[in-house]
Structure formats: C-alpha cells, structure tokens
Amino acid sequence: MLELKNVSKIFNLTGSVEDERIALDNVSLQIKPGEFVTIIGGNGSGKSTTLNIVSGSLIPDSGKVILNDVDITKMPEHRRAAYFGRVFQDPLIGTAADMSVLENLEIAYQRGRIHSPITWGFKKADKEYFIEELKRFDLGLENRLGQKVGVMSGGQRQALTLLMATIRHRPTIKMMRRDYILFSQKDKVQAANEFDAELETNKIILKDKLDALKNSNLSRKERRIKAKEAMFEFDQAMLAKFDLTKQILLLDEHTAALDPKTARKVLELTNKIVCENQMTTLMVTHNMKDALTYGNRLIMFHSGHIILDVSGKEKQKLKVDDLLKMFEEADEKLINE
Amino acid sequence: MEVLDIILNILSSGLPCCLLALGIFLTYRILDFADLTAEGSFLLGACTAGVMIFNGVNPFLATLASIGVGAICGTITGVLNRYLKIPKLLSGIITLTASASIALLIMGMASGNAGLFKSQISFNVEKGGASQTIYSLFTPYVYDEAFGIWRVLSPWGEIIKIAIMAAVVALAMLAIYFFFGTEYGMAIRATGMSEKMAKAQGINTDVATIICVAISNAIIALAGALYVQEAKSASAITATGYLVIGLASIIVGEAVFGKRSFKNWIISVSLGSILYFIIVTIAIRLGLPTEFKSLLYAILITIALCIPFIKNGVNSIHLARKRKSEINKLSEKGDTKDVGTQECK
Numbered sequence: 001m002l003e004l005k006n007v008s009k010i011f012n013l014t015g016s017v018e019d020e021r022i023a024l025d026n027v028s029l030q031i032k033p034g035e036f037v038t039i040i041g042g043n044g045s046g047k048s049t050t051l052n053i054v055s056g057s058l059i060p061d062s063g064k065v066i067l068n069d070v071d072i073t074k075m076p077e078h079r080r081a082a083y084f085g086r087v088f089q090d091p092l093i094g095t096a097a098d099m100s101v102l103e104n105l106e107i108a109y110q111r112g113r114i115h116s117p118i119t120w121g122f123k124k125a126d127k128e129y130f131i132e133e134l135k136r137f138d139l140g141l142e143n144r145l146g147q148k149v150g151v152m153s154g155g156q157r158q159a160l161t162l163l164m165a166t167i168r169h170r171p172t173i174k175m176m177r178r179d180y181i182l183f184s185q186k187d188k189v190q191a192a193n194e195f196d197a198e199l200e201t202n203k204i205i206l207k208d209k210l211d212a213l214k215n216s217n218l219s220r221k222e223r224r225i226k227a228k229e230a231m232f233e234f235d236q237a238m239l240a241k242f243d244l245t246k247q248i249l250l251l252d253e254h255t256a257a258l259d260p261k262t263a264r265k266v267l268e269l270t271n272k273i274v275c276e277n278q279m280t281t282l283m284v285t286h287n288m289k290d291a292l293t294y295g296n297r298l299i300m301f302h303s304g305h306i307i308l309d310v311s312g313k314e315k316q317k318l319k320v321d322d323l324l325k326m327f328e329e330a331d332e333k334l335i336n337e
Numbered sequence: 338m339e340v341l342d343i344i345l346n347i348l349s350s351g352l353p354c355c356l357l358a359l360g361i362f363l364t365y366r367i368l369d370f371a372d373l374t375a376e377g378s379f380l381l382g383a384c385t386a387g388v389m390i391f392n393g394v395n396p397f398l399a400t401l402a403s404i405g406v407g408a409i410c411g412t413i414t415g416v417l418n419r420y421l422k423i424p425k426l427l428s429g430i431i432t433l434t435a436s437a438s439i440a441l442l443i444m445g446m447a448s449g450n451a452g453l454f455k456s457q458i459s460f461n462v463e464k465g466g467a468s469q470t471i472y473s474l475f476t477p478y479v480y481d482e483a484f485g486i487w488r489v490l491s492p493w494g495e496i497i498k499i500a501i502m503a504a505v506v507a508l509a510m511l512a513i514y515f516f517f518g519t520e521y522g523m524a525i526r527a528t529g530m531s532e533k534m535a536k537a538q539g540i541n542t543d544v545a546t547i548i549c550v551a552i553s554n555a556i557i558a559l560a561g562a563l564y565v566q567e568a569k570s571a572s573a574i575t576a577t578g579y580l581v582i583g584l585a586s587i588i589v590g591e592a593v594f595g596k597r598s599f600k601n602w603i604i605s606v607s608l609g610s611i612l613y614f615i616i617v618t619i620a621i622r623l624g625l626p627t628e629f630k631s632l633l634y635a636i637l638i639t640i641a642l643c644i645p646f647i648k649n650g651v652n653s654i655h656l657a658r659k660r661k662s663e664i665n666k667l668s669e670k671g672d673t674k675d676v677g678t679q680e681c682k
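Here the protein sequences come in this chain order: V and S. Here the first sequence is numbered in the numbering used here, starting from 1 and rising by one per residue. Here the second sequence is numbered in the numbering used here, starting from 338 and rising by one per residue.
Pulled out of the complex, with its shape left as it was, chain V reads as follows (with noise of 0.2 Å):
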C-alpha cells in the first residue's frame, strides 16, 4: 500500500514570500494494492508534482511518503526505482535514443538491481523473453531489436517506456531478504532469521529434487528441464511469500505528447497491463474522459488539495460534465476566499 500523509511542497524560486507557489497544500492519499487511479487537475494543481514526490525526484517540504508501512520519504531516487515503473510525458526521454532496443530492455530489466561491472550486459536467455514479450504488444518491435530507438516514432518509444517501466528482473534472494528486512514491520533480526529459516527449508527442498532427479533414469534433456522445473518452484514458494513490494507504474501525462490516433493506441496498451498484471497504477491526464473511461479510482487536484476522490460504482455514473462543473464550482470557491 501506497501513501502519502499530511505532504506540502512549496515551489519557490527566489526567496520571499510573494513569490511563493503551493503546489502541495497538506495532502494525505492512501492507494491500496491492484487501484488503478487517474489523477486530473488544471496546470499547477499538483497532481505532477505528487507523481514526482511519489518517485522521489522531489522531496517533500513536509509531510511522508509510506510504501508498505515504511517510510521511503527520504530513500533517493535510483533506489526507489525498484519499486515503481515509471512514463513520462516526454516520449524522448523515457527510452536511450543512442541505444537499440535490445540494450535499453536490458537496463530496464536490471532496474532495481546491481549493474555488475563485469557481467556482459547481454543475455540471451532475456533476448528471447524480450522477443515474447514485445509479441503481446503487436507494435513489430520484436523484429526490430537491433535498431536505434532514436528512429523510432514517438508512439513507438512511448510504448517502449512502457514495457520498460514493466518488466523487471525477479528480485534475487539479495534482494528479497533486503526488502523483507526493510518492509515486514518486524524487528530486524527477526525478520532476517525468519527469512534464512525459510530459505534453508527451501533449498532442502530442491536439493531433494535435485538428487531424486540425480538418480532417476530419466534421459539428460528430460533431466535438464525438470532441473529447471524445480528451480522455478524454488523461486515462485520464495516469491510468494517475500516479495512484499509490488510494482507500482507511475504515468505522467503519457499519451500528452502523442498524436490522437498513437495516444489512443498507447492508452489501450496501458490499460491491458495494468489489467493482466493487477498493477497498482497512478495516471496524470489532462483528458477527462480518459481519466472517466480507464481506471476504477478518480481524484481530481484543484490548487494543491484533493477535491473529488471518487472509485468503483460512483466512478462510473460520472460524467465529463460532472467534473467540468465541479472545476468551475473550486474556481468560484476559491475567488470567493
């Protein structure tokens, strides 16, 4: 669970008091796990500049950011980015332009992890399951590997951010002890011993396997991929019961960039992810009726404070002309202050 409590952020460039802008006035948000929430709101009325307290590319004046009961306010950017996939409005920004497509999935793949200065970056057990993915996306990105981002279209590279924002290396088992430590809630060597128990009874497991395999007499293949088998089990028992941090997918104002037809397209594609992986998602639009159509949670940010936060049923009955009369009623409220 995602959630922001009692966060102010005051933009101000030279000093006094006059040039002060709130861009966040005292907002508290809770998003619960599998929300896919649109965020709409006028220029200036925060809803980017949540998304970027979210991130971590800004920090907070007050107030904290709390992923999973934990406090995240002050963990720098690069190290957030495990745990939210992130688009931006800018498709020439989200994607290497120098790069080909193969070698920008491939730092999106190691997101979350440590680069090793020695491991070659390519790998062609990834190439393939880079291949089978770009194949649900039916762009024709999977026969264009080798090429050059910086070629590719707008739409093309926005749909690339957007895979890169979503796949992701499983965690190691580095990985998961570090997060389980930092996110159970318990105490540490607690948590830690807890976690070594469990991975000491799953490697017995597999061992097990491993050496009833050994003696079986199975054929090398046949050996091999049962090896394989039980591997996965090992990760998957692992997984299910440390990896505690979903992903989150951040969406600037993606599709703003794009040409209706592209940002139509792209839009959709989003959608399909969020559904088949259940991805807790924020989405910024300025285009109201997207923000009605896709999603089952709506906030609207007017001058730094949430007014409308609607979800589920009460969403759907809303219109485009609903919200546009509640804009205009904050507007009124706010001159009448």
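Derived from the structure by calculation, the hints contain no laboratory data. You may find that some hints are simply not true.
Now the in silico label distances, taken between C-beta atoms and shown as ranges [what the hints assert, rightly or not]:
#1 S:Lys630 x V:Ile10: 49 to 59 Å
#2 V:Gly42 x S:Leu508: 56 to 66 Å
#3 V:Lys228 x S:Ile654: 56 to 66 Å
#4 S:Arg597 x V:Leu324: 35 to 45 Å
#5 S:Gly578 x V:Asn6: 55 to 65 Å
#6 S:Gly578 x V:Gly15: 35 to 45 Å
#7 S:Tyr420 x V:Ser28: 50 to 60 Å
#8 S:Gly595 x V:Ser153: 19 to 29 Å
#9 V:Glu198 x S:Tyr420: 57 to 67 Å
#10 V:Gly15 x S:Tyr420: 53 to 63 Å
Here are some chain V residues pointing at chain S (derived, C-beta under 10 Å) [stated by the list, open to error]:
#11 Ser55
#12 Leu92
#13 Ile93
#14 Thr95
#15 Ala96
#16 Ile107
#17 Ala108
#18 Trp120
#19 Phe122
#20 Ala125
#21 Leu250
All C-beta atoms, glycine included, are put in the ideal place defined by N, C-alpha and C.
Following the hints, position chain S against chain V.
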C-alpha cells in the same frame, strides 16, 4: 628510408594521442560531459611518470602511478560536479587550474632538487642506466666500437617502440569495448543519454558519472605517461593544446570512418588521431610554417564538422537527380500522374 622515418614519426606522436582521444571520447560523447580536466590529467600523468622514471623507478610502476593520478583528477572533477553541484565546464576548469601547481610540485620531487617546485625535468635513457622507459626495456642495442658506447639499433628501436605503444592502445580499446558492454557500462551510457531515464531505471547517476570521468582521465593520464617516455622530458606547458588535438581527432575520425556501432565508433576515434597527425605532417612537409599550425588545426576541425552537412547536401542532389530522371522516364510514356506536383484548378 625517409618514408619509413616519416611514418614512424607520425605513429609515435599519433599513438599516445589515440589514448587521449579515447579518454576525451568517453566524457564528451558517451557521458555528454565537456570535461576540461583532460589537459590537466595529461600534464599530471606526464609529470608523474617522468619524475618517477627520473628517480629510477620501474617504468611500468611509473605508468601505473600516472594512471592512478589521472583517475584521482577525474574523481575530483566528478565530485565537484555531482555533489557540490558546480556546472560541468567549471568543475573541469577548477581541476585544470589546480593541476598546473600540482604538476610543479610533482616535478619538484625529482631527486637532487633543492626547492619544493621544479618547472621542468628531462632524463637520459641509456643501456644499463638508472632511468628506463617501458620502450627502452625492450630496445635492442648495438655496441659502437669507434666511440665505445651502446647505440639503439636503427630502425628496430623505433619499430619496437611503436609496437609497444600500439599494444597499449589496443589494450585500452579492448578494455573500453568490453567495459561498456557490461551491465555497468550500459548503465553509464544510459546516464549520458537521458539522466531522467537512468534514474527511473534505478541507476545511481552520480556514481556512474564520477566513475566514467575517472576512467576517462585515467586513460588520458596514460597517454601522458606514454608521451613523456617518448619525449624524455616534461614541463609545465607540456599539455597545452592537447585538448584541441583530442577533440579534433574525435571529430575527424567520426566524420571519415563513421560511428555505426560502438565498436566502429571506438576504432574511428583512434584512427582519427592518426589521420590527424598524417594531415598535419603532410601540411608541414609541403612547406607550411610551424607558426601556422594552430590555424591549420582550426581549419581541420571546421572541415571535419562540415562533412556531415556536405554529405547531406550531396545526397539530396543525388536524390533530386534520380527523381528527375524518373519523371522524364514517365513523361516519355505520357504518364505523369504518380510523380511531380499537382496543378491547381
């Protein structure tokens, strides 16, 4: 044997500059970091290796030490830029300025020097002498009976020197190629292209930048060490103008040999500096006064920078001609529907 002499001359000044160009390439092209530290680390690399050899230290150790000094220079520039938020250009200038004094201090460590500083050093390399360079360790000598001294066997002494230089350059190129193909190398390249993307993909861009600048300056200092062992002397103004030579090599190399892939790019950059010295040598051989060298550098860089623009122009002329001939062919058939402009009615 004049031609051989010229070729050997070009290579012996060009090969250290290959390393210089590669070092500058890492910051200027990969990281998009205009790093002015280059001249400073070249100077310090030359001084460190020079002084250590002067004092009779093993030349390989001296070369390693200068690599270390270069890496320290780069780290300082990187830290100034990343953690103290000083703009890239300025942090390079700061380290460059400081390096001038540090070079005097390092040269002051030459044995037999009474004061703290020294503005230049030079050493003699002879068979069995205290000062040996990485080249002289492998140089064949012949005994000259008339004068009773050992002389370098010509031209094999020169050729072996070039071979050692080429081996070092090749090693550096291989190291760069493999490092930038690893996970961390790719992370550094991503940092140079889009820092926001790199951060979102969990790369610590501060550390990546500092490491890349440090590697770059270590390679440049290695170039300085190779240079000083060839020139057998170093002074406070040794490095002046080398930044321009490095940049020009990169630009000339890219323009002539292309940058299709990373491998191709590294090779282009290194060949660029050889090509650069070939052009300069030819110009001077043709009678260009050495005073005009700087002017020649400027003209060369301008031409190299224009090459892509000229290529585009030639291409568009070619395309226009092709289109015209197609229109002609079609109009001969009496069919202009598909090509050409549509008239207004």
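Results for each hint:
{"no.": "1", "hint": "S:Lys630 x V:Ile10: 49 to 59 Å", "result": "57 Å, holds"}
{"no.": "2", "hint": "V:Gly42 x S:Leu508: 56 to 66 Å", "result": "59 Å, holds"}
{"no.": "3", "hint": "V:Lys228 x S:Ile654: 56 to 66 Å", "result": "59 Å, holds"}
{"no.": "4", "hint": "S:Arg597 x V:Leu324: 35 to 45 Å", "result": "53 Å, violated"}
{"no.": "5", "hint": "S:Gly578 x V:Asn6: 55 to 65 Å", "result": "59 Å, holds"}
{"no.": "6", "hint": "S:Gly578 x V:Gly15: 35 to 45 Å", "result": "44 Å, holds"}
{"no.": "7", "hint": "S:Tyr420 x V:Ser28: 50 to 60 Å", "result": "34 Å, violated"}
{"no.": "8", "hint": "S:Gly595 x V:Ser153: 19 to 29 Å", "result": "25 Å, holds"}
{"no.": "9", "hint": "V:Glu198 x S:Tyr420: 57 to 67 Å", "result": "40 Å, violated"}
{"no.": "10", "hint": "V:Gly15 x S:Tyr420: 53 to 63 Å", "result": "23 Å, violated"}
{"no.": "11", "hint": "Ser55", "result": "7 Å, holds"}
{"no.": "12", "hint": "Leu92", "result": "8 Å, holds"}
{"no.": "13", "hint": "Ile93", "result": "5 Å, holds"}
{"no.": "14", "hint": "Thr95", "result": "6 Å, holds"}
{"no.": "15", "hint": "Ala96", "result": "4 Å, holds"}
{"no.": "16", "hint": "Ile107", "result": "5 Å, holds"}
{"no.": "17", "hint": "Ala108", "result": "6 Å, holds"}
{"no.": "18", "hint": "Trp120", "result": "6 Å, holds"}
{"no.": "19", "hint": "Phe122", "result": "7 Å, holds"}
{"no.": "20", "hint": "Ala125", "result": "15 Å, violated"}
{"no.": "21", "hint": "Leu250", "result": "9 Å, holds"}
Of the hints listed earlier, those the structure fails to meet are numbers 4, 7, 9, 10, 20, in rising order.
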